[in-house]
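Peer 1: For the record, the sequence lines run as chains A and B. Just so we're aligned, residue 1 is where the first sequence starts under my numbering, counting upward by one. Just so we're aligned, residue 1 is where the second sequence starts under my numbering, counting upward by one.
Please keep in mind that the hints were generated in silico from the structure rather than gathered at the bench. It cannot be assumed that every hint is accurate.
Cβ pair distances, simulated, as ranges [to be verified]:
id, chain 1, residue 1, chain 2, residue 2, range
1, B, Y53, A, I263, 22 to 32 angstroms
2, B, Q243, A, S264, 20 to 30 angstroms
3, A, F262, B, L62, 49 to 59 angstroms
4, B, G110, A, D61, 35 to 45 angstroms
5, A, Q171, B, D206, 40 to 50 angstroms
6, A, E266, B, V66, 28 to 38 angstroms
7, A, L199, B, V7, 44 to 54 angstroms
8, B, I139, A, V95, 42 to 52 angstroms
Dumping the calculated DMTMM-like pairs for lysine to aspartate or glutamate here, alpha-carbon to alpha-carbon at most 20 angstroms [stated by the list, open to error]:
id, chain 1, residue 1, chain 2, residue 2
9, A, K94, B, E2
10, A, K190, A, D225
11, A, K94, B, D163
Beta carbons: idealized from backbone N, C-alpha and C, even for Gly.
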Amino acid sequence: MFDLATIMQILWTSVATSSYYVLFALSFALALKVNKVFNFTQAAVMSVAFYTAYGCVQLLDWPAFIALPLALVAALVLSWFIEVFGFSILRERKVEMLFVFIFTFMVSQLTVYLISLAFGTWSHTIFQSMFWPVTLVGPIAISGWDIPALVVAFGSAAILFAFLRFSRWGQFMVAVSDNPDLAELYGIEKRKVYLLTILIAGALAAIGMFLYGMRAQVQPRTSLDLMLFATVATIIGGIGNLFGALIAAVGLAVIQNASILFISSEWQAFLVYAILFATIIFLPGGLRMPKFGTRFETKTREISLAEETPSAPPSTRAE
Amino acid sequence: MEYLYIVMISLGIYVILASSFNFVIGEAGLISIAHPAFFATGAYVSAIAALRYGVPIPLAMLLAVVVTFLVSVIISLPALRVSGDYLMIASIGFQLGLIELLKNLAITGGAGGLSGIPSFLVPQIGNGGYAAVVWACAIAVVLVLRYITRSDYGRAMSAMRDDELAFASLGRNPMWVKLWVIGLASAIAGFAGALYAHFFRFMEPDQFDVLQSAALLTMVVVGGMRTSLGPVVGAVLLQILPQAITFLNLPPSVLGPLQGILFTGLVLGFMFFRPRGIVRMDPVWKGALQDAPASGGTHVRGA
Numbered sequence: 001m002f003d004l005a006t007i008m009q010i011l012w013t014s015v016a017t018s019s020y021y022v023l024f025a026l027s028f029a030l031a032l033k034v035n036k037v038f039n040f041t042q043a044a045v046m047s048v049a050f051y052t053a054y055g056c057v058q059l060l061d062w063p064a065f066i067a068l069p070l071a072l073v074a075a076l077v078l079s080w081f082i083e084v085f086g087f088s089i090l091r092e093r094k095v096e097m098l099f100v101f102i103f104t105f106m107v108s109q110l111t112v113y114l115i116s117l118a119f120g121t122w123s124h125t126i127f128q129s130m131f132w133p134v135t136l137v138g139p140i141a142i143s144g145w146d147i148p149a150l151v152v153a154f155g156s157a158a159i160l161f162a163f164l165r166f167s168r169w170g171q172f173m174v175a176v177s178d179n180p181d182l183a184e185l186y187g188i189e190k191r192k193v194y195l196l197t198i199l200i201a202g203a204l205a206a207i208g209m210f211l212y213g214m215r216a217q218v219q220p221r222t223s224l225d226l227m228l229f230a231t232v233a234t235i236i237g238g239i240g241n242l243f244g245a246l247i248a249a250v251g252l253a254v255i256q257n258a259s260i261l262f263i264s265s266e267w268q269a270f271l272v273y274a275i276l277f278a279t280i281i282f283l284p285g286g287l288r289m290p291k292f293g294t295r296f297e298t299k300t301r302e303i304s305l306a307e308e309t310p311s312a313p314p315s316t317r318a319e
Numbered sequence: 001m002e003y004l005y006i007v008m009i010s011l012g013i014y015v016i017l018a019s020s021f022n023f024v025i026g027e028a029g030l031i032s033i034a035h036p037a038f039f040a041t042g043a044y045v046s047a048i049a050a051l052r053y054g055v056p057i058p059l060a061m062l063l064a065v066v067v068t069f070l071v072s073v074i075i076s077l078p079a080l081r082v083s084g085d086y087l088m089i090a091s092i093g094f095q096l097g098l099i100e101l102l103k104n105l106a107i108t109g110g111a112g113g114l115s116g117i118p119s120f121l122v123p124q125i126g127n128g129g130y131a132a133v134v135w136a137c138a139i140a141v142v143l144v145l146r147y148i149t150r151s152d153y154g155r156a157m158s159a160m161r162d163d164e165l166a167f168a169s170l171g172r173n174p175m176w177v178k179l180w181v182i183g184l185a186s187a188i189a190g191f192a193g194a195l196y197a198h199f200f201r202f203m204e205p206d207q208f209d210v211l212q213s214a215a216l217l218t219m220v221v222v223g224g225m226r227t228s229l230g231p232v233v234g235a236v237l238l239q240i241l242p243q244a245i246t247f248l249n250l251p252p253s254v255l256g257p258l259q260g261i262l263f264t265g266l267v268l269g270f271m272f273f274r275p276r277g278i279v280r281m282d283p284v285w286k287g288a289l290q291d292a293p294a295s296g297g298t299h300v301r302g303a
């Protein structure tokens, strides 16, 4: 049961599975970092992306190269709508966090019901078959989905990190996430940054959902469960730490896949929720994950420490 | 007429649930959405005690209240280390974890649910009598919670909700207040669960999932948070509206989603166009302000 081949296979499957988890986690973590919202509307965006792709490919018989970009556009339009007619209004009204949560949760639920009404509650996949040809590399079986999925996921992550680090708008996003009022004083338009963040998060979630929908069956409520996984990864990775969320997503995928060696598959969902509960209670600040671009931050911190009096470390929102 | 009684019983149970949920989320400002988990705990404890161990039903119901109280306090002790959005997500984790637990344990009947739960009072007094009992309990719960909210303790809760740091600096222990609020509200939810289990006599874990939280949130938000009457109005409205749709004789595949769209659409509509709900917030401080001397402010007495 614990022979090397089995362990290697589980590790490979875990890493391949983590491809969409990474994208969901990055999407959730980005909205939380910049816009400071637990964006559960991400589930709605994910559902719309999947069902648009499914509708185009399976019902309209359109080729994937048209269906997937169209589904991406649908996800972006919904993200734009949610930001402009939802978040921005709530932000202006300075509503309590509870109301923001209710809003995000209700949008997700409303989408689930609308999709159930339109497509039914049974399972669908983007393509007719979700089985991919398998190649044996030594003792490891690698499916035709694995490597493209990993390339897409980690390629998207690399583009995101490069965008945040080197592009002007990416730096605006980092500035707004750090101190929105100060960023505004420097001439950064917060509203545009918030909108851009939600759009990028929506795109990442949609791409993740395409990967998921090519390999597994999706029901209207599937995206809600997937998003909870993203929430766990974001919290374990440490809020505000995108690279941490990425690492945590891979780690969680490994734990979830490896757990079949020790516990039956029925308890896998319980494991995720137990980890979620325990992480928030005992590690509200997340694990000490490495931050992308730490060297730069350390350098600037050293300079500021030399020039200013030391201040109290920033507290988490947890007590 | 029997159908009407069943609707009335369901309504009464939701009034109890919505009012106790408002006590946690509205009055105390504790953003936990795991209330249906405690509803489930009460329902399952009472049902299992009566069905599997032959415990007399009133005793089983009492056991349900005590166990739910204890479970909520034990869970809250670590959970209340965090607050705000962290508490909310922890509560989601707890609720979904509990549902998975219920689905996988043999004693709870697994995902298929628990059936053949012994009936309480209905053989003696009928559905109408049971509806009267449930409504008497609902009214008692609303009045007790209203009394607490308007008492010194309620004002302490408001103070804690509005500024926990200031509350603690007055020498009060917010943790005790939170534990007490969650324990009491959960025990009430557990009691509602017992009332539910011994009337409907069947339940399955998925009945207590996050959708149930959404329904309760809807009742509180649409009715009017931080009011005594709001959750009652919300529960009545949101239980009657879906019932009205059932008369359209739509197939279940359409009816379920349509009811959900109605629920969620109403909440979103109220959030943007009438965020304070149907019943606007009570002037909780009115009495204290009237009693206060002209030169002085109000103060919070003991918690």
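Peer 1: Identify every previously stated hint that the structure contradicts and give their numbers, smallest first.
Peer 2: As far as the earlier hints go, 2, 3, 8, 9 and 10 are violated by this structure, in ascending order.
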